[in-house]
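K.L.:
Letter by letter, the chains look like this.
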Amino acid sequence: MELDQNRLIEMYRRLLRIRIFEETVVTLQSKGEFPGAAHTSIGQEGEIVGACMALRDDDYMIGNHRSHGHPIGKGADLRGLMAEVLGRKTGVDHGKGGSMHLADFKIGSLGETSIVGSGIPVAVGAALGSKMMGTDRVCLCFFGDGAANEGAFHEGLNLAAVWKLPAIFLCENNLYAATTPAALTLAVKDVATRAQAYNMPGVIVDGQDAVAVFGVVSEAVRRARTGQGPSLIEAKTYRYLEHAVGLAVARGAYRTDEEIAQWKKRDPIDIHRSALITNRVAGEQEVIEIEAQVRAEVEAAVQYARQSAFPDAAEAFDNVYSNPIPITR
Amino acid sequence: MREITFLQAIQEAQREEMRRDSHVFIMGEDLRTNLFGATGGFVQEFGLERILSTPLSENGFTGAAAGAAMVGMRPIVDYTIAPFMYCAMDQLVSIIAKSTYLYGGQAKLPLVLRAPMFYGRSTAAQHSDRPHPIFMTIPGLKIILPSNAYDMKGLLKTAVRDDDPVISFEDSTVWGHRCAVPEEEYLIPLGEADVKRTGSDVTVVAFGGMVPHALAAANELAAENISVEVVDPRSLVPLDKETILTSVKKTGRLVAVDMAHRTCSAASEILAIVAEEALWDLKAPLVRVTTPDTHIPFSPPMEKALFPNKDKIITAIRQTLE
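So the sequences go chain by chain: A and B. Position one of the first sequence corresponds to residue 1 (our numbering), numbered consecutively onward. Position one of the second sequence corresponds to residue 1 (our numbering), numbered consecutively onward.
It cannot be assumed that every hint is accurate.
In silico lysine-lysine, DSSO-like type, Cα no more than 30 angstroms apart, as pairs [what the hints assert, rightly or not]:
#1 A/Lys264 to A/Lys236
#2 A/Lys164 to B/Lys108
#3 B/Lys249 to B/Lys310
#4 B/Lys310 to B/Lys241
#5 B/Lys108 to A/Lys89
#6 B/Lys108 to A/Lys106
#7 A/Lys106 to A/Lys189
#8 B/Lys249 to B/Lys196
#9 A/Lys236 to A/Lys265
Partial list, computed: chain A residues near chain B (C-beta under 8 angstroms) [unchecked claim]:
#10 Tyr60
#11 His65
#12 Asp93
#13 Ala123
#14 Met133
#15 Ile271
FYI, nobody ran anything at the bench for these hints, they're computed from the structure. Ideal Cβ placement from N, Cα and C applies to all residues, glycine included.
Chain A on its own, in the form it takes in the complex (with noise of 0.2 angstroms):
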């Protein structure tokens, strides 16, 4: 897959889908629109994007609990995203998932999982099932610095391995778990390390930059398609926000004010925008209407969900089952 200059702009389309989607979502926790906690992917957009863009609509991918920026970097409509956040019954979980939990199965988003680590081993399965059933679809697994540490990462690595299947990890280090910083549980410096334990290629990527992320898993992606097996990759990257908008986490507490600076330096959005003007795929004009139509795109998602109903009471009984069995005797 090319990364031709239509492609690179709906880069640049996507991580502002992700970056405005998130601001918005921040703020409409502050008006007490948003229920719950917001795990948002603000600084992360780059490796989010670069990965999701170096699948195929028809691939499989399985997220976690930060869970807006994955579908929406594999192309989801924003409009049943922002239904599900705000808990209507037109979101694309009818309200039963919300913010945690989102999943479109028509693109391939199987679910976003809020348990640390429980997504690798299902992504293995679909993976496991795409061979079985001699598709050519991969599935990506995106899971955190934390999540390395649990045993279903040991085991889901290992049997991906063991069945050679076309499965790519990858490990979104934003150097730390809610507010424990990886340098102090990680047994190794970097997750990568970890691929060799498992026989398979550890590559190590700039989170920050959407175009060399989307370089590296695109080589995991060939190998995967082309019955070689799966590939651990970690990309290194940065949440700008707590763990959890609006968590009481007081400064200073585990991270510096100078850290968050550092990384704001090398902002995915500012490296791909200044990308496109240098070598010339989009000019300053055009940037500033793609970031309009991004800003329109996020309001009529709004705007959707704010006129959608809520769900009935009643809808909390509903998909317990897929075959709900009426005892009639």
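Got chain A sorted already, so can you dock chain B onto it with the hints?
P.N.:
Chain B in isolation, oriented as in the chain A frame:
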């Protein structure tokens, strides 16, 4: 009609469903050598691609089964022995029981999770679990717990074709029981109890390996003109409470037998349902016969004294007739 054993019934059900639908496959430990007798000849017939011998990674391969199911396969996961499911609790509860719901119906998880239960054979505390009550309280799962070869085959085939996760707890104390099983295809729906013996004085609800003990108790008491009705729920989720209530309203007495530990047993749930919905029809207090709330010891005389048996059921029945 020919007779087969409970274990043969499992094999036949799996074999027939594997032949019928190429999306069905089996994963578990030691399947290739047919260590426990449920996959004899399967590798030769279906190949290594559909009989996956797994590493000792219960949480990992349970999740893999879930993911494969989500994209269109129909896995049968064989846990070898029920307590190994505990290693996979996160995948069983957070993913398998909840994904259809969480994602608003976008995910379908047509899984069968087979968990043989060993007890009464000196396998000691960690290998003698009867964990069906733990899973009964988690929405999103279905549970079958048959007592004989005929029910086992019909229910397991239905379970494979069901689009939801079904746990099949297989009581190894009835592995060897033989009964008539048709060669022609038949299915038994989930949520339908079976009255194994009609009677009029007392209802005994029993399932799995408890049914032979209940029937033996009923036969012995028949000599004293005590007429015992034995109701076998066959599936615990969904539970056919109507058949149980109809029986209790007729007899006015209930003894619920469960091989699980007493607290929060399936028997407890059955007693609660009857107390709520048939209290005024009762002629006697409700009685549970269960394994007590202690661990299962290794030494045979200590162990054998703990599980429900014919004599304990007879004692319980007499209690309701006092």
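K.L.:
It remains to establish, for every hint, whether it holds in the given structure.
P.N.:
Cross-check of the supplied hints:
Distance restraint check for A/Lys264 and A/Lys236: the Cα-Cα separation of roughly 14 angstroms lies within the 30 angstroms cut-off, and the hinted pair is therefore satisfied. Straight-line distance between C-alpha atoms of A/Lys164 and B/Lys108 comes to about 25 angstroms, which keeps the hinted pair within the 30 angstroms bound. Between B/Lys249 and B/Lys310 the alpha-carbon distance is near 24 angstroms, which keeps this suggested pair within the 30 angstroms criterion. For the given pair, B/Lys310 sits about 24 angstroms from B/Lys241 by alpha-carbon distance, which is consistent with the 30 angstroms threshold.
For the proposed pair B/Lys108 and A/Lys89, the alpha carbon gap of about 20 angstroms is at most 30 angstroms, so the pair holds. Under the criterion of a C-alpha separation no larger than 30 angstroms, the hint pairing B/Lys108 with A/Lys106 is consistent with the structure, at around 13 angstroms. Pair hint A/Lys106 plus A/Lys189 does not hold up; C-alpha atoms about 38 angstroms apart against a cutoff of 30 angstroms. Of the pairs offered as hints, the one joining B/Lys249 and B/Lys196 holds, with about 17 angstroms between alpha carbons and a cut-off of 30 angstroms not exceeded.
Pair hint A/Lys236 plus A/Lys265 holds up; C-alpha atoms about 15 angstroms apart against a cutoff of 30 angstroms. At about 7 angstroms, the closest approach between the beta carbon of A/Tyr60 and any beta carbon in chain B falls short of 8 angstroms, and the interface hint on this residue holds. For A/His65, the shortest C-beta to C-beta distance to chain B is roughly 12 angstroms, which exceeds 8 angstroms, and the interface hint is violated. For A/Asp93, the interface hint holds, since its Cβ comes within 8 angstroms of a Cβ in chain B; the closest pair sits about 4 angstroms apart.
Restraint check, A/Ala123 versus chain B: the minimum CB separation of about 6 angstroms is within 8 angstroms; hint holds. Nearest Cβ of chain B to the Cβ of A/Met133: about 6 angstroms, under the 8 angstroms cut. The hint holds. Checking A/Ile271 against chain B by beta carbon gives a least distance of about 33 angstroms; that is not within 8 angstroms, so the hint is violated.
Hints 7, 11, 15 from the earlier list are contradicted by this structure; the remaining hints agree with it.
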